[in-house]
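Here is how the chains run, residue by residue.
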Amino acid sequence: MGTITQSPPGKTREILEKAVIRFCGDSGDGIQVTGGQFTNTVALYGNDLATFPDYPAEIRAPAGTLPGVSGFQVHFGSTEVFTPGDSVDALVVMNPAALKMNLADLKKNGLLIVNEDNFEAGDLKKAQMTSNPLEDHSLDAYQLFPVALMKLTSAALKDLGLDAKSVDRCKNFFALGMCYWLYNRPLDSTYRWIEDKFNKKPLLIEANKLAMKAGYAYCEATEAFQVSYEIPPAKLEPGLYRNISGNTALALGFVAASQQAGIPLFLGSYPITPASDVLHELSMYKDFGVMTFQAEDEIAAVTSAIGASYAGALAITTTSGPGMALKTEALGLAVAVELPLVICNIQRGGPSTGLPTKTEQADLLQALYGRNSEAPIPVLATATPGDCFWVALEASRIALKYMVPVIVLSDGYLANGAEPWRVPQPSELPAFPAHFTTNPEGFMPYSRDPNTLARPWAIPGTPGLEHRIGGIEKQDGTGNINYEPLNHEKMCRLRAAKVEAVAQEIPDVVPAGDPAGDLLIVGWGSTYGPITAAMKAQRAKGRKIGHVHLRFLNPLPKNLGEVLKRYKKILVPEMNMGQLVMVLRAKYLVDAQGYDKIQGKPFRTSEIEAKMEEVLA
Amino acid sequence: MTTTTIPVYTKKDFQTDQEVRWCPGCGDYAILSAVQSVFPELGIPREKFVIVSGIGCSSRFPYYMNTYGFHTIHGRAPAVATGLKIVHPELEVWVATGDGDSLSIGGNHTIHMLRRNVGIKVLMFNNRIYGLTKGQYSPTSEFGKKTKSTPYGSPDRPFHPLSLALGADATFVARSVDVFQPHLKATVKRAAAHKGAAFIEILQNCNIFNDGAWESVVEKEVRDDHIIALEHGKPLIFGKNKDKGIRMNGLELEVVQVGNGIAEKDLIVHDEKNENPAYAFLLSRMDSTPGFPTPIGVLRAVEAVRYEDRIAEQIREVTAKRGKGDLAKLLQQGDTWEVK
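In order, the protein sequence lines correspond to chains A and B. Read in order, the letters of the first sequence are residues 1 to 617 in the working numbering. Read in order, the letters of the second sequence are residues 1 to 340 in the working numbering.
Some hints here could point you the wrong way.
Ranges between beta-carbon positions, derived for each pair [what the hints assert, rightly or not]:
| # | chain 1 | residue 1 | chain 2 | residue 2 | range |
| --- | --- | --- | --- | --- | --- |
| 1 | B | ARG157 | A | LYS587 | 30 to 40 Å |
| 2 | A | ILE15 | B | GLU338 | 18 to 28 Å |
| 3 | B | ALA328 | A | GLU58 | 38 to 48 Å |
| 4 | B | THR289 | A | HIS488 | 47 to 57 Å |
| 5 | A | GLN294 | B | ALA278 | 23 to 33 Å |
| 6 | B | GLY334 | A | PRO507 | 30 to 40 Å |
Please keep in mind that the hints were generated in silico from the structure rather than gathered at the bench. The beta-carbon is built from N, C-alpha and C at its ideal position, and this holds for glycine as well.
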């Protein structure tokens with residue numbers, strides 16, 4: 001079925017600039033798949049978009065209960081989209097629990113599509129509801145469309161001879177078909193996905209396709225739906241695009257880095273939410289020579305990577321907060337032996353196990369300072385899902401050039417969220433061929449490059465360069481064990497100077513928005529989207545606002561101190577209790593104020609806007 | 001084809017200019033000397049050797065070996081060595097470790113490295129004490145042992161290190177003694193020849209914090225009766241007069257006097273290649289029963305796929321099937337669309 005260019009007879013079509021749709025239901029209802037498919041379809045159509053998958057930590061909480069509710073939100077538009085959207089235009093609800101957990105985000109008069117088959121007394125009880133909202137007028141403020149999703153799906157599939165459970169599992173595709181009609185989208189990319197997904201089960205291919213087609217046809221036929229919507233394609237920078245999540249982009253970035261460095265990629269990792277997808281992704285790329293090692297624990301994950309780096313690979317390890325804590329001692333070793341290594345922390349809510357599937361950016365101070373003694377490490381943060389690719393490349397380049405471990409901070413929101421990404425050509429990527437020392441003449445394991453202070457990378461197997469390295473303090477040059485007081489001070493300062501030298505790699509900060517004025521917003525990480533959207537909205541109201549989004553958190557850009565002084569006020573929104581703001585205040589003696597949110601959810605644009613107005617009032 | 005000639009090495013080629021800082025009289029000197037004597041005989045270029053260690057007295061080993069060496073952090077040597085071995089399977093990677101380093105803080109890495117059969121040789125110096133931290137009990141200290149941290153006796157039941165290695169399905173498990181130089185060298189040589197993971201427990205004396213750690217086993221006057229040297233294909237016989245043997249009695253081992261109707265043919269013939277680790281397991285802990293000797297030599301030596309070879313093989317297989325990876329194609333995989 002191709003794109004429909006005319007509205008069906010008797011129905012009207014509205015053109016919109018943007019729309020936000022959220023699917024929600026039980027974690028077993030296929031919500032993530034439904035949302036993912038909708039995303040792919042609008043992406044292929046050419047809309048800009050941002051997504052927010054939100055799912056519980058439990059794999060299958062008891063069906064129909066509040067803790068089992070899973071959601072997937074897609075914001076798509078014909079102009080630039082920076083966030084998954086503050087509030088929802090259309091909410092697709094599979095059961096009472098999902099309704100209860102999500103209704104507050106639906107706009108007044110928004111579309112509310114509800115699977116009425118799941119609103120029996122027992123279902124209401126599981127959601128701790130005393131009356132049926134489909135009957136008690138509590139939903140009068142919305143455009144309510146009760147749909148018998150299960151009965152309709154079952155009727156559509158009645159000739160296939162499928163068991164009841166399999167039929168029930170197709171109802172999400174019925175709902176998806178309805179949404180494709182509502183937003184005037186073709187079904188073909190989801191058809192292709194279904195064919196691929198169930199390629200050994202032809203009956204399920206037919207069933208899911210039929211269910212989706214039936215959902216589409218249902219909307220066209222029923223009198224309930226009179227209006228459908230059209231969001232024209234966005235005007236993006238020309239090029240080839242794909243939809244990409246942060247974790248996929250990170251994985252691809254490291255494969256690219258290994259190619260650009262000309263050395264194999266080694267990943268040591270231990271499964272942890274929300275970082276595991278990077279391990280899954282990289283374990284597929286054996287044709288790129290990628291070696292993945294699922295270690296026995298987080299410590300072996302990082303130490304095996306240190307061993308791989310010693311052997312001359314581009315070595316990385318991926319984890320989240322609790323795993324990062326376990327790797328701490330090994331990071332100190334990497335600092336002491338001055339070997340290249342990239343450590344990715346896909347942050348989640350903490351402390352301890354915290355909120356494994358929810359986002360947070362509260363590991364910044366851990367990344368900057370969380371090691372015994374003086375153990376400085378460059379720290380980079382990713383701003384959007386697609387940016388993860390570029391940060392992976394940059395972190396690898398820095399690690400190899402300066403012979404240092406480098407920390408990359410991403411978070412759960414970026415890891416699972418997706419956006420259209422312009423696919424770069426390999427020729428657009430920086431080349432940074434790795435260099436191994438092979439000449440035994442005058443070789444010293446801790447001699448230094450005058451510009452970067454990097455020591456030579458002499459890998460085992462090279463004749464004549466046999467030498468010993470280790471975590472004990474060593475003499476500069478020879479690398480021999482050395483406990484002398486002045487040598488220790490020299491080595492501490494050298495390791496710090498090496499990290500500071502990385503500042504020469506950082507382009508000067510150029511604020512987005514106003515180059516000077518009333519308010520500067522400083523952000524890092526995944527707050528990029530909501531800050532950008534809020535700043536645009538506030539500048540449109542005539543306010544003088546700039547925005548600096550830091551990719552390098554250590555070292556900081558050389559001109560940052562000067563930029564901070566150009567604005568009357570500085571606001572630092574963070575999904576923590578004020579970590580970057582503390583660093584900025586300490587380092588630059590400026591009266592920056594923090595704006596913290598620690599709810600396991602990204603900022604809404606409206607929240608940041610309100611805060612800006614408050615600060616400027 | 002070019003042939004590379006391997007230099008003729010002597011022990012001196014494997015010594016460094018670093019001053020050895022173990023206590024005078026420490027058993028570690030004997031182990032260092034044995035390894036420095038064996039390596040030149042292996043016909044392997046010196047640059048191919050890497051010694052990886054953790055923390056503890058034994059872990060200073062790399063500084064005294066003129067090879068590549070990496071003194072890492074407490075307990076993690078097997079994990080660092082695994083990463084190294086995956087990237088460069090052709091390297092000869094040896095781990096020098098102790099009972100605390102490998103069985104306590106690094107126990108997890110030890111068992112998993114052995115389970116995977118990574119081609120790493122482990123020299124586990126067992127002196128049943130924490131020496132570098134000055135005398136606390138270790139996971140191999142005897143039950144009830146009085147140390148600085150157990151003034152009323154250790155409440156811990158100790159590990160049998162070889163049982164642990166066998167439990168992890170190690171493919172090469174052996175034991176030797178610091179002061180038995182010819183035996184130690186022969187055992188190190190056997191480990192070097194083994195293709196997969198090799199675990200050697202070396203009974204070692206700490207003359208400062210646990211002097212006489214193995215006295216009851218290795219002292220000249222008692223050793224013949226308290227030690228049995230295993231040899232593949234030979235019956236289990238020991239004793240000053242070579243008149244004691246070990247045979248199976250149901251599922252148990254039994255010490256018997258040879259003669260009086262019991263002949264050599266009634267005894268167990270040592271089979272280090274037995275695929276079933278149960279036999280080696282019985283040997284590994286028989287000395288906890290009074291009257292049984294402590295076995296030294298190779299308890300188990302079986303063949304299995306090396307971990308690093310399997311990783312390399314998968315890369316070759318997938319590359320052969322899909323062709324060498326093309327970055328441009330990879331970046332474009334999945335659904336794409338063109339914006340003009």
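Which hint numbers doesn't this structure obey? 1
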